[in-house]
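Read off the chains here:
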Amino acid sequence: MSEQKSPILADAAPLPGASHQTERPSAVKRILGGSVGRNLGLVIALVVLFIIGTITAGERFANIDNVLTILRLASIIGVISIGMTFVITAAGIDLSVGSVMGLATVVASLTAVQLAATQTSWILMVVVALAVGAVAGLVNGVVIAYGNVVAFMATLAMLVGARGLAELISGRRTQIVTNTGFLEFTRGSLLGVPLLIWIFVIVAIAAWILLNRTTFGRRTVAIGGNAEASRLAGIKVKRHLVMVYMLSGLTAGIAAIMMLGRTTAGTSTHGTLYELDAIAAVVVGGTLLIGGRGTIVGTILGVLIFSTLTNIFTQNNLDTSVQAIAKGLIIVIAVLLQQRFATRDTR
Amino acid sequence: MIDDDHASPLLEVRGITKTFAGVQALKGVHLSVRAGEVHCVLGQNGAGKSTLIKTLAGVHQPDAGEILWRGETNTIADPLAAIALGIATMYQELDVVDGLTIAENIFLGHEHSTGGMLKVAHANRLTRELLTRLGHGDIPPTTEVGQLSAANKQIVSMARALSHEAKLIIMDEPSAVLDSGEVSNLFRVIRELTSQGIAVVYISHRLEEIRQIGDRISVIKDGRSTASGLAVSETPTRDLIKLMTGREVANVFPDAVPVPANAPILLEVTHLHLRGHFSDLDFTVRAGEIVGLAGLVGSGRSEILETIYGARKATSGSVSVQGKVLRAGSVAAAVESGMGFSPEERKSQGLILGEPIYKNVTLSTFGRFARGGLLNEGAEKDATRGQIEALELRPADPERPARTLSGGNQQKILLARWLIHGTRVLLLDEPTRGVDVGARAEIYALIRRLAAEGTAIVIVSSEIEEVLGLSDRVLVIGDGDVLAEKNASDIDESGVLDLVMKGSAA
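Protein chains in written order, with our numbering: chain A, 994 to 1340; chain B, 31 to 536.
Okay, chain B solo, but in the shape it has when bound:
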């Protein structure tokens, strides 16, 4: 079945290499994409996926190797040449213009006009056809793109690719900005495309998605192909992780440590209510316990964490840490009581990207290192080095700007921040978003270790599997209500989804 000789490939990449300023980003990548298939390209951050995409899109020129398009050698000199061949690329940061309508966006750069006058009605009609092909004929072509959700902006981007009569569409982590409902819609659209004979190169590091949408997989590690054209259905996840990371991942989730029944209650949430989001929320977390909030995006789970932390002001109800009630709407009070929070958007809410690691690590505690208001940066760096060692944070240099770190290591900065603080209650919102598979296991192990040391942890994740694998106890959230409270071992992913679906139907 995995035999390229029979079906002649649409695109073939043979051993391309690319060096930037002495750094070899690609060291020999092979790829063979057939018409009408979804070909997944897997790789950790920094493996060379982006360079590969940009080479196919004509942004970069390979130093060596060949690119064959429909069996003929081709040099893709620039992005226009790629479009002319029929290769369209959807980057993670969608290149749509918010102020223009859908039709204007789609025909941007190749407008239909007579004597300089735009043929607006014509463009709108063609746009409606393209949107219909993508199963979104209901969106009016004259809608301003700025009004659209991220998911619909992707549709516009795909319609634009179709308007160029693309034969191959490269999608760079398209699901990163979508919630699970939108992802299934995206998959429907992708199947629509492939049924029309269009090939899709799907870049992602979410293995679950690749299982759902992919036909074949190629894996890149450190700029080199470690596998090319594996059939998705015949390749176990364990093998894929090994191909990506070069090592065995025996068990991603660490074993839970039973929480003693007499462990003290550290966090108590009583009748907590945030107007428009959730109401009458009650739960407690004991020392050493990990409680997971499972639910879809929009279920109110992030708002719950933010309200507990005081980042949003509760309408009514109370939060207490170790028996002491916190002032509503005060992050400072929560931090003082020993609570820590790792926000959903790590880069915009958690870190000061331009500042060095140590200043990010001590962001909640630099006052403690100071005497009479005078900072003691040496002590801050020493404390940071201690955390770097304990958490195996890399690079192990406190002076490095946070921006230069990988997602997993940026997450470790936030954990280090709260470890130095001596946090007893830790709230984690999407702790592994943007963290690649290899580093996830490490984050999981760290979270479990913190619990074992007596921290009470509340975790929110859009990956239900993660919530279940990591937690001792799970609260299933739907529309701001707790639909069920279960031991994590007593429920599985489909059980959670069942509850969520029933809850929203009711």
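Okay, chain A solo, but in the shape it has when bound:
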């Protein structure tokens, strides 16, 4: 009997009578339950939205210019959502992204900064925006990781605080961007595609590699999956969490640059409620709110679904309140589906 010859087999397989094939779910189930299947669902949702858009708005919806409009709409919140994906994958949350972005637009468009940028290079404005984002993320991370403050509260405090700081610095006035180099760069386009979209694409590709192919990404997933096991395996959990929140702040800084380009103005009201849109996109995309599983592709699809939805409503001159209801429904349905997958995983 093979059973007696290989004792471990009996230990490993719950029922040695059953072959390994029967223990595993069928190939179809596995694919649908796996990451490809989950993304497939989002792609189908997106296709359905496109069909609806084409039927209701016809030519106005289905043309290249409108697709670029959707993508441009998606790009800023998309970049923020990508940073958020890392935070949520690490079992955290960052409520401050919207107001940190607002703060970064204000600081980068201060008269003094713009003046210095004119004398040196417009790159200075970029660096300032990124620095503001990174420093805010650093503060979030240190308070959360070393202060042991719950991420929800720490970043809520940053949300309120950063918004207040932005108002204080700007005196609640809108600061117009006059630096021509900066505007030429951010409002430019390459191969007929606006630069904002290129930035989104580049950030997305970099983030995909970072999450799926680097030690940084592996640590992020491991910490989100089981922080204690990660710590006991020798991973410097606190230090890594600080870096994850800095990354999120950095993407808020990138988003600020994009926002300054799109609106040619810095103001403390930029990015209001962006944190909710970002979290919604991430969760709809299939990243688990409890951490341990994150998907950049899913997040991007989530963002595209929401921006396409907005576009369809705009094209048809529909009430934004109805749009909000539709958004709410999508979030609930996505989370319900996600829970079903989650319970299947843990069974």
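These aren't lab readings, by the way, just hints derived from the structure by calculation.
Check each hint, because a few of them may be wrong.
Taking lysine-lysine and the DSS-like style, the derived pairs with C-alpha atoms no more than 25 angstroms apart in a straight line are [what the hints assert, rightly or not]:
1. B:Lys57 / B:Lys84
2. B:Lys57 / B:Lys377
3. B:Lys377 / B:Lys343
4. A:Lys1229 / B:Lys343
5. B:Lys343 / B:Lys354
6. B:Lys343 / A:Lys1231
7. B:Lys377 / A:Lys1231
8. B:Lys377 / A:Lys1229
9. B:Lys532 / B:Lys516
10. B:Lys354 / A:Lys1229
11. B:Lys197 / B:Lys84
With the hints as your guide, set chain B onto chain A.
Below, chain B without anything else, positioned relative to chain A:
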């Protein structure tokens, strides 16, 4: 004596089978339980114990076979029907509501009320009676259950069974969450129950316990009864293991290899102190040596390992590996120095259950496989396959989620992690908890092999027999003090217990 014809059984199960989605979980199980006895059901993980319990509790319906209750054929259609018959089940995850009081928990679902108003005082009085029957009349019925220890939650669960006038109580591994003091209390309560004519079906894979509490034993292997109604006192352990695993277990513990006197000291613990747990701890471990820490739960043994590893920050004192002093409270420093740790709670502290085997195996070392921060998953999987082969880890598929593995194989993941790391000092906390008897011998052999290859090992286990059988040298720990240091061959289990008792009396 083992003759069912004379004493008519309370519950009789005849050849039940059960298939789930093409997998046959039960292939013919027989069980005969008499009133007033403790009937132990033994079986390895996956043998079908849980399915059997759930069938008796009315959760599952058997595909074939008969269940007789007091001599009459019965179908237990649902859990309510089981309760109505007098069959109560205590699952491993206790189904008590933390926010309610003991009395509220006991009468949950069958509250005493008049016109919708709860009769609180009445319920409390009945609860006190039930608790007294279980020898725990000292616990106030109005205590919130969330405040209770796992052991007392079990008492509540048993009192609830009594409130339903249960004739048969099924206990699924009740000792898994208890320490040894609490286990002896549990046994006292079980004897109380059986003296009142209640039958207990006791599910466990701890053979020592079955010896203490059981009257008769039935064994299940691969969904089939391999023995039914054996008298505990007349069945040698060796036979039971054979019935459970289908093979002979000649000697569970591998022979110790003498440690050469000139073997280098790899781990040195000096005046280590953790406030509130232990103080002034000194010991050394040589290459190739296994040192065991023996003591009861709460003696500070787990805290000692965690402090050595840096998972807790020592109040004072030092730990050095190969002569180099480690930074206190830094796991990363310990790992870097070549120390590895297999924690007590494997699932919550050791593994990322949703991740595949290979990512769990390389959790401490994936950086080594990376170049410029870019992971090399192919190399990780290759290294994992090497360990899978060396440790006979099953299933031999690096992509399988860690969750789907048995306890023994999950333990092997942790050993593989530290083997890849090249650990010189290995700290093992409860290395065989949740590992069934058949797989234990393998884990023991692996640990011994690691020592033979020059690793210094410190092992903690709540099973004193395991510490003694596996170690070269034993430190007996009581209340955070080293009560004695002996060669493992110079002391036996009762010797350790004597020392512990004396130590705590002093």
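Lys354 of chain B and Lys1229 of chain A: Cα distance at most 25 angstroms?
With a Cα-Cα distance of about 21 angstroms, the restraint between Lys354 of chain B and Lys1229 of chain A holds, given a limit of 25 angstroms.
Going straight from one Cα to the other, do Lys532 of chain B and Lys516 of chain B come out at no more than 25 angstroms?
holds, 16 angstroms
Given the proposed pairing of Lys343 of chain B with Lys1231 of chain A, does the C-alpha separation stay at or below 25 angstroms?
holds, 15 angstroms
Within a Cα-Cα threshold of 25 angstroms, do Lys377 of chain B and Lys343 of chain B meet the stated pairing?
holds, 23 angstroms
Given the hint that Lys343 of chain B pairs with Lys354 of chain B, test it: the Cα-Cα distance must not exceed 25 angstroms.
With a Cα-Cα distance of about 17 angstroms, the restraint between Lys343 of chain B and Lys354 of chain B holds, given a limit of 25 angstroms.
Are Lys57 of chain B and Lys377 of chain B close enough, with their CA atoms no more than 25 angstroms apart?
violated, 30 angstroms
Is Lys377 of chain B within 25 angstroms of Lys1229 of chain A, Cα to Cα?
Given that 25 angstroms is the threshold and the Cα spacing comes to 20 angstroms, the pair holds.
Between Lys57 of chain B and Lys84 of chain B, does the CA-CA distance stay at or below 25 angstroms?
holds, 15 angstroms
Mind checking the alpha carbons of Lys197 of chain B and Lys84 of chain B for me, to see if they're no more than 25 angstroms apart?
holds, 17 angstroms
For the pair supplied as a hint, Lys377 of chain B and Lys1231 of chain A, is the alpha-carbon distance within the 25 angstroms limit?
OK: Lys377 of chain B and Lys1231 of chain A at ~21 angstroms, within 25 angstroms.
Are the Cα positions of Lys1229 of chain A and Lys343 of chain B separated by 25 angstroms at most?
Since the Cα atoms of Lys1229 of chain A and Lys343 of chain B sit roughly 15 angstroms apart, the hinted pair holds (cutoff 25 angstroms).
The structure shown violates just one earlier hint, number 2.
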